[in-house]
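Take a look at the letters that make up each chain.
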Amino acid sequence: MKSAAIRVEGLGKRYRVGARRRPGTLRDVVADAVRAPLRRRTLAAASGAEWHWALREISFELAPGRVLGIVGGNGAGKSTLLKILSRITEPTEGRAEVRGRVGSLLEVGTGFHSELTGRENVFLSGAILGMRRAEIVRRFDEIVEFAEVGRFLDTPIKHYSSGMQMRLAFAVAAHLEPEILLVDEVLAVGDAAFQRKCLGKMSHVAGEGRTVLFVSHNMAAVQALCDSAVWLREGRIVAAGGPGQVVSTYLQSSAVGVADRCWSDPAGAPGNERIRFHRARVAPAEDAGSPVITTRTPFTVELEYWDLRGGEPLAVALHLFNQEGTLIFHAGSAAGGGGERGVRGLYRDSCRVPGDLLNDGIHRIEVNVFAGEEVVFRLEDLLTFDVLDSPERRGSWFGKWVGAVRPLLEWRTELIQRAGAAPAPR
Amino acid sequence: MAVSAPHPALHAEAPVLVIQPSRGWVPLRLEELWAYRELLYFFTWRIIKVRYKQTVLGAGWAVAQPLLTMLVFTVFFGRLAKVPSDGYPYAIFSLAALVPWTFFANALTQASNSLVDNERLLTKVYFPRLLLPTASVVAGLLDLAISFLVLLALLPLYGIAPSWRVAVVPLLVAFVVLVALGVGLWLAAVNVQYRDVRHVTPFLIQVWLFVTPVAYPSSLVPERWRGLYGVNPMAGVVEGFRWALLGSGSTSPALLGVSGAMVAVILVSGLYYFRRMERTFADVV
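Heads up: the protein sequence lines correspond to chains V and A, in order.
My numbering puts the first residue of the first sequence at 1, with every later residue one more than the last.
My numbering puts the first residue of the second sequence at 427, with every later residue one more than the last.
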């Protein structure tokens, strides 16, 4: 049996937290020493609170040539794990065995110096990432061609556009030839065409029998590129297995896609003498078969409110904004709904938003309550909810889908005229 | 960090790297420096390349620094204060000391900031951390060579013919490199935790300049105190340069022995301290 390329046993990393013990100055140390007797007591009392386990009891094995994806929210310990395996920081407990030459890509452009030229930076960055000089010389032309910076090779990179710097940086990284590659979120760079190229390179690397550890927020990329996946939460492994299964478990548990606000005490609820809110909720539609809202899931927005006076019928209008503050749509209950209105009582207005409409990201709902033409109440931050990126691949694109919305449109392609059948217009 | 194999590329078959917590004092693993010698070269090259970018004088600064200091010293110490200079023209007398001193002061400053200035590298990629302060010191050698050549060229102007003693200079240079590296390692490692070092270093260098016979001859110091110069290795270096180039002064084997032992202590303790603190660099920098 071939031995594992990476074997991790009970790995843990503890950090000291709290502002007091951050990289201090000598003065703090002296001050602390003066207060020493006092400090020892408080330290003992609060010793549990001063430490934070960023990673705990991590064990797994990765066979040579396999690609492992690591998913999890911010602060779950993903980057800490990569840093330990690439020897940047030391574990507090446990051990890891790594068999083979390791290359780690924790950021794009490590070692770049803005005063140096593109050519110089290729050598510098290559050497820092672990390439031998001879290796860099041998692959130099390939790297430059990949980066598409040809003409500016001897210009200091501070004159490059940020896109060009990224391309050059990734080009160097993509030509590393370690047996084991540790990668943290590098797909998030560059324009669409370049990203496609990088991705091609990545799957090529994976195909060459390289062992890869891949940390990403991008579920589609994890599913497409990895053989297996691990989900980290609060520094611990909570699920491991096939990427499809782990990704869907992860998405289901992160209930960030659902928002529900209920005001049981009417006095504290938003409203005025005419209207008072009772509940506001965003949830996947019941027939959607998904516990979370992804870009593909239809969902409902439900508003329950008291009409305290009756009279002119009330109607609500939703304004949905994306993270950039762009108003995506306006939708009012006055347009439809039916039902009786204008009498005192508790109402529920619900609205179904179809799937394949919104783009992924945080969205905010603002509500305006109308009595006829008049706005009687407005709440800007009614609800905030997250639309998750759908794990289903759409073609070969893994990056952020551009645009305010992500509709699924119908396309049809026809060949109208075969070339050569008639003279083409000039 | 405990690691069981040197640079993987040295072994054709897959080497096994064991990563686990280290405790207490850790081995120096200097062989790893050798395995990473190419990176040492690139770090050194980067410092040299970047140092004089967007300056008008460029490498001229390597010469201007000691020359201008010599000018100031000559006017104030030589002319006004009438500081003796062992019978040599004060200008060349001070320049012979300023050439190694300028190297030392610059190397120490660069080395002490080398880790903090490369924070991004420390937190994003692995390499033996010793490379950074080492490269800072080594990069200064180019400036030293340039200013030394200028010094050699000036000697005949003062009617001094370089003798066979010049052959000792490489040994003295090796000595000053070790002093700068030893002290630099301490400062660099402490600097990661306590940024006070950034403020302390210039002050330290200033005081050190005065306790080293750069602006004055060691013969100015009363005989019974002169033994203390052994504790200051830079005194030996500076006097050594004068001896090699001008033929002035004298030095005793006992003094050299004490200086040598001093450097060994600073360097070895600096190495061990550095390696011990290394494991937390990425976390606290």
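Since the hints were derived computationally from the structure, they do not count as laboratory data.
Glycine included, each C-beta is placed from N, C-alpha and C at the ideal position.
Among the clues, some could well be false.
[As the list claims (entries may be wrong)] Examples of chain A residues toward chain V, derived with CB under 8 Å:
#1 L443
#2 S448
#3 V452
#4 L454
#5 L456
#6 F468
#7 E545
#8 V599
[What the hints assert, rightly or not] Listing some non-contacts, in silico: residues in chain V with all C-beta distances to chain A over 12 Å:
#9 H113
#10 E115
#11 F329
Non-conforming hints, listed in increasing numerical order: 3, 4, 5, 7, 8, 9 and 10
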